[in-house]
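As you go down the protein sequences, you meet chains D, A and B in turn. Using numbering that gives the first Met the number 0, the first residue of the first sequence is number 0, and each one after it goes up by one. Using numbering that gives the first Met the number 0, the first residue of the second sequence is number 0, and each one after it goes up by one. Using numbering that gives the first Met the number 0, the first residue of the third sequence is number 0, and each one after it goes up by one.
These are calculated hints, taken from the structure and not from any lab test. Everything numeric in this text was worked out from a predicted model, so none of it was measured. Check each hint, because a few of them may be wrong.
As the list claims (entries may be wrong) - To be clear about the criterion: a stretch of chain A counts as covered by chain D if any three or more of its residues have a C-beta under 8 Å from a C-beta of chain D, and this derived list gives those stretches: (1) 24-34; (2) 69-80; (3) 180-187; (4) 240-251.
As the list claims (entries may be wrong) - The list that follows gives simulated cross-link-like pairs (lysine-lysine, DSS-like), each with its CA atoms no further than 30 Å apart: (5) B:LYS72 x D:LYS18; (6) B:LYS31 x B:LYS82; (7) B:LYS121 x D:LYS29; (8) A:LYS282 x D:LYS120; (9) D:LYS18 x B:LYS121; (10) A:LYS169 x B:LYS81.
Where is the CB? At the ideal position from N, CA and C, for every residue including glycine.
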Amino acid sequence: MTKKANLNYSVQEMISKNKKSNSLGNLVEKLVPIFLLFCAIVSVLTTIGIVFTLLKESLTFFTKVSLKDFYFGTEWSPWTDKFGVAPLITGTLLITVIAICVALPIGLAAAIYLSEYASEKVRRTIKPILEILAGIPTVVYGFFALTFVSPLLGEIFTDMKIFNALSAGIVVGIMIIPMIASLSEDAMSAVPRSLRDGALGLGATKFEVAIKVVLPAALSGIIASVVLAISRAIGETMIVTIAAGATPNMTFDPTQSIQTLTAFIVQGATGDTSYHSVIYNSIYAVGFTLFVFTLLMNILSQYISRKFREDY
Amino acid sequence: MHTNNTSKLKNRVILNKLFKLLFIFATSIALLFLGVLIYRILSQGLDYLTIDFLKNYPAPYIEEAGIFAGLMGSLFMIAITAPVAIILGVSTAIYLEEYAKQNKFTRFIQVNVQNLAGVPSIVFGLLGLTFFVYMLELGYTLIAGALTMSLLVLPVIVVAAQEAIRSVPKELRDASIGMGATKWQTIWRIVLPASIPGILTGSILALSRAIGETAPLIIVGAAAAIYTIPDSIFSKYTVMPMQIWSWTSRPQEEWQYVAAAGIIVLLIILLCMNAIAVWIRNKFQNRY
Amino acid sequence: MTTIINNNAAFSIEDFNLWYGNDQAIHQINMKIPRNEITAVIGPSGCGKSTLLKTLNRMIETIPSVNTSGSIKYNDKDIFSKKMLVEELRTHVGMVFQKPNPFPKSIYENVAYGPKIHGIKKKKVLDEIVEKSLRGAAIWDEVKDRLNQNAYGLSGGQQQRICIARCLAIEPDVILMDEPTSALDPISTLKVEELIKELKKDYTIVIVTHNMQQAARISDKTAFMLNGELVEFTDTDQLFSNPKDKRTEDYITGRFG
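Using the sequences and the hints, build the whole thing.
Next up, the structure:
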């Protein structure tokens, strides 16, 4: 055969010889998927681990403090045995509301500008710069809130505390701007050209197209991004630990010092808490409450974006 | 009638311009925040950022305080976190993309990874405290912190690696399988090399998140001030953000400048990591 | 192959059916694909010709939810039997795809890929195989000075010949070609066609093509498929000059498709 003319051996013969001695290869082929499955299960175990540890320690906590006292009590003072979680929840809510008030208008406006007005070149420059905001460590934001935003606001509100909900909330808002801007911009960019062209062809201005065509079409994506941002704000720890204070306070006055769920966990874990004391258990009860809040938000966000994905 | 229409049109055009300005203004505010933040930190910290600051351990006196322990702690931590998280993450991604059957269990893993990415970092700290610190009796050690961090960044790496693997064209897999290559040979020799840029970019970004994290490490007991660098994985340790946090919480104003100097070091490291990630992404973009 | 084969068919296909989920794509096909000849399969798009081709080396199994019935024998061995290792089948039955799909590696690494995965490691042997394969695919002279360059730098026609060389490197007995020139310009197409005719000496070739002229130019036997059925399978000259079936006649005279 001519195909073997240049070689004095056959490739197929070499291959079949190698095949016979290749039991190692067969073993690898069988073991690899098992190893990979094992790795994939680690992420499942992580979730199970989280739920299990939170539940276990929380249940211990609830043998010492009743569910009713925890969820309906209005005073949080663990070192004097008062475990009403409401002040921590209102503190978390206050921070979240302030943050969304900052991030929603700015993030959404930036998204509209980038997707509807800005040229491709501007968009490709500004979007990564905005995303830098998301990459800055939260401890840096906390530092910024405490040493810059808080004194600055103190000039305006004279009875402002150094540690206060307002400056922490604003800075949490800055942190989540890129999340809203980026995800909303993605949703708006996904609106087909043809929808825009239809409206522009009828003589609509870009603003009208943005408000009446693009925004409604991208609404589910935008809402999903906001819900996700809320979840981030609820779970944010360092900014509120550094700048919002450690005063569980059932107030909606943003100039006051408050404490969030996350900030208490830090306080509880760093303070003089011994293993298996009530306070040690209480950080898990608080952590469980936090986990449920953020999980619900994440599921809601996924549900919204999946449910309305195939609009066009 | 005609003039009425014209003036209406004029109004609409003016409205359009007005809102365009408003949108630009809002975008600028976001950029302004970033500018002010960076300016503030540079103006406060640059004077304190000396060679001694990089070489010194934390000290009770401002002139002698340094970030060396934090810097080394962060590096050691990443040296453990990176291989653990990348091996687990990439393996999970390969399993989900190449081996898993389309069934409920696979979808469950997938949804689980997504949800895990949304769990607040401090909750990972609580997991680490119970599991690594107490159950495995690792205590407040480097390995406990690094493993906690591995779990924290795992979902981010899984998602990035899945995207990278998915972007390898089916034609390349077909070519390999069509020559009698086994599934694993195809993955190892074709799919993985082709998706390495995407995996690297995603992993570097995920690890840069780990370097900046503070909250979970507070919970698993990273020290705020320590005068040695870790000599084993069971050593006590601190990391840069912990150090910055401890300086920030001191009442005397001068410590803020030390904190700012520490922040500059941290940000420079993050900037370098991001620059590498972006460089890899641009260099290998659109190869197919 | 050391086994002695009495029968002159490389593939014998008997009562073969194939379903994608609930949709039947191939209906009751019987045909014998002759050794060392070029067999062309033509038909309008969606007629099942590519599906049939991909079944011959079981590449069809990369698509989930495929079911088959009937038998396909390669050298008298059932390709679906448990004893038949799919990897081994594919080392004997190589494939060239519609779109040139070189790996993002050097030209050398592309061609050496097959021998390497099958355990051939000696540099000297690999060098020889690479040169012989590139010569066999009539592209040696064009690339011999840049074997270490990425194959993506080549033109589409060159890439396709690299893919053919890659396929030749493990010395298969059969080469399956799935519209190998559909993504190429006319000049590259001509070169690839000449190469295919050249390869006939040593290989059994099955080529799927949407281009009737191409089938007429290069093949010895032609099969015409329609709606998953084999309508007519005979010598190429006869099929084009004197089709037996009305549907074949309609197709080759351009009345549909």
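Going down the list of hints, with the structure as the test:
1. 24-34: Per the Cβ count (8), the hint holds.
2. 69-80: violated (count 0)
3. 180-187: It holds, with 3 qualifying residues against the three required.
4. 240-251: Coverage by chain D holds here, the residue count being 5 at a Cβ distance below 8 Å.
5. B:LYS72 x D:LYS18: Distance ~22 Å between B:LYS72 and D:LYS18 Cα, so the pair holds.
6. B:LYS31 x B:LYS82: 22 Å, holds
7. B:LYS121 x D:LYS29: 27 Å, holds
8. A:LYS282 x D:LYS120: 19 Å, holds
9. D:LYS18 x B:LYS121: 16 Å, holds
10. A:LYS169 x B:LYS81: 26 Å, holds
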